[in-house]
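One letter stands for each residue in the lines below.
Protein chains: 2
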Amino acid sequence: MHTENIKSSAINFRSVARALTIVENDLAGADDLLKSLSFTKNTPIIGITGPPGAGKSTLVNSLISLLLKDESKIAILAIDPTSPFNFGSLLGDRIRMAPHFNHPDVFIRSLATRGSLGGLSAKTIEMADVLRASGFDYVLIETVGVGQSEIEIAGLADTTLVILVPEGGDEIQHIKSGLMEIADAFIINKADRADADVFANNLKKIIGQKMGSHTPVFKTIASQAEGVQEVAEFIKAAVGVKNERRELLMTQKAYKLIQQKLTQHIDKKKLQQDVAEALNHKNFNLYSFVDTYV
Amino acid sequence: MHTENIKSSAINFRSVARALTIVENDLAGADDLLKSLSFTKNTPIIGITGPPGAGKSTLVNSLISLLLKDESKIAILAIDPTSPFNFGSLLGDRIRMAPHFNHPDVFIRSLATRGSLGGLSAKTIEMADVLRASGFDYVLIETVGVGQSEIEIAGLADTTLVILVPEGGDEIQHIKSGLMEIADAFIINKADRADADVFANNLKKIIGQKMGSHTPVFKTIASQAEGVQEVAEFIKAAVGVKNERRELLMTQKAYKLIQQKLTQHIDKKKLQQDVAEALNHKNFNLYSFVDTYV
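Protein sequences appear in the order of chains F and H.
2 is the number of the first residue of the first sequence in this note's numbering; add one for each residue after it.
2 is the number of the first residue of the second sequence in this note's numbering; add one for each residue after it.
Hints listed in this document are in silico derivations from the structure and should not be mistaken for laboratory results.
Any given hint could be a false lead.
Note that identical chains are pooled: a pair holds if it fits in a single copy or bridges any two copies.
Stated by the list, open to error - Once the Cα atoms are required to be at most 20 Å apart in a straight line, the calculated DMTMM-like pairs of lysine to aspartate or glutamate come out as: (1) K220 - D198; (2) K271 - E248; (3) K269 - E248; (4) K237 - D275; (5) K270 - E248.
Construct the entire structure; sequences and hints are all you get.
Here's what the structure looks like:
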């Protein structure tokens, strides 16, 4: 793709979109396109995740407004997990991000992930890299906090923000087990709720005790843009700081891509036919089937 | 394993635990053990998932109490997603399930999944199959509603229950996009909340309109065991009904196992060393790296 040679002030959104489409659908030229990407600008990937109802979209909108004040160019990849049964994404085009939809410095793309039959992460990695090489100042990846993408985002993003809402601490154990370790910062949104301070203090205590870390905890009311400036400053400060995890991140990306490469020859339709056939046999055992299949 | 020949009334928990350990850690004999499993009892796998705070553990406890009244033997596989950075599971042994921990007819096992560097689903499939072949009447798989396991559970379970809490419908779009299609039934827990009826009606409307299906919606107050009997009846009724998805389920399981088999030779430590080395080169491109690596 030729966008990387163009100044940041004139990113050709149309060619970015075309490059993404080529990569997303694995069209002719996808491999060469990926291998020719160069990452001169060192654009950071900011992952934003959290459970449903946390107000991610509102917060992202508010963040974008602030980052745009520096004349930044921002790309957003909104990931919609779909079912493993291929009903397709129901979410569509993220109408909630509409405030910035027509802004000339904001590029938005939805990616409907493919569910558990593979392909999720490799595609996400590739599309994020296309955006990183396209001259943007920030690539934001927002994942809906259901499905497989929530934890995996940390394997992709340079900085991961985990958004939570004060929830009385009822299942704070559960939140923790999935999300504690992947967060570079926590954002407690809807911080005007009565139990926000208690929640924030509990969270800080857990971070200190269990993780022995100093992961910052921000409190925001995204719907009123309150507290969001601090988050924007955190993101700006994180940019350019050498990321200690870069090696691990790259290893994970490499592994996903290798995994995809090794399995891409498997014809899923054919596999289903063969499984259906094998199921007719009385003593069907999945492990013996797999053993003889590859 | 020899447990499958023993009558249901005398499942040897110790040998089940040992078989699970062999499979979980891929110890000597794991392959043979899996290939020798026979599923004479057609034990159903019941998947239970939902976002954090929905009260899954309370509901599972309440369900178990009811299913035990039929002298059923129940196995529970509680899945703890861990980070992709291998900090291990923080959740530990699910103390919330303690009420049944010492019940002679209830077998509980936690499985800390391995995050994004592979292994999650293959192991889960294998362990669930060991339990299925061990003479239990039900295998319940509970997943914490963060991480990768939430959607994938539907690729594993014969019947999937999605637990939700009335949440004002603020991000009902998001809940829907991840969970709508995988549910065989919805359970709205904490149904004593003020907005429970509105939420239930909205959910039913969406199910009918968007999905064109008649997925049942149950309302429960698990902490008081209210409404749980209906859920137990639903589970019992689902058992033995020929599952139309069996072929698709088996295909997905087969795919995961094939994927694991094709990638198991990749030495992740070596890969990380090679990535670290490659990153020193100025024009590092991940796609060229992967291309030459396999």
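Status of the hints after comparison with the structure:
1. K220 - D198: Classified as within; 9 Å inside a copy, 31 Å across copies.
2. K271 - E248: Result: close only across copies, 12 Å inter versus 38 Å intra.
3. K269 - E248: Answer is between; shortest inter-copy Cα gap is 12 Å, intra-copy 33 Å.
4. K237 - D275: For K237 and D275, neither the intra-copy (53 Å) nor the inter-copy (31 Å) Cα distance is at most 20 Å.
5. K270 - E248: between (37 Å within a copy, 12 Å between copies)
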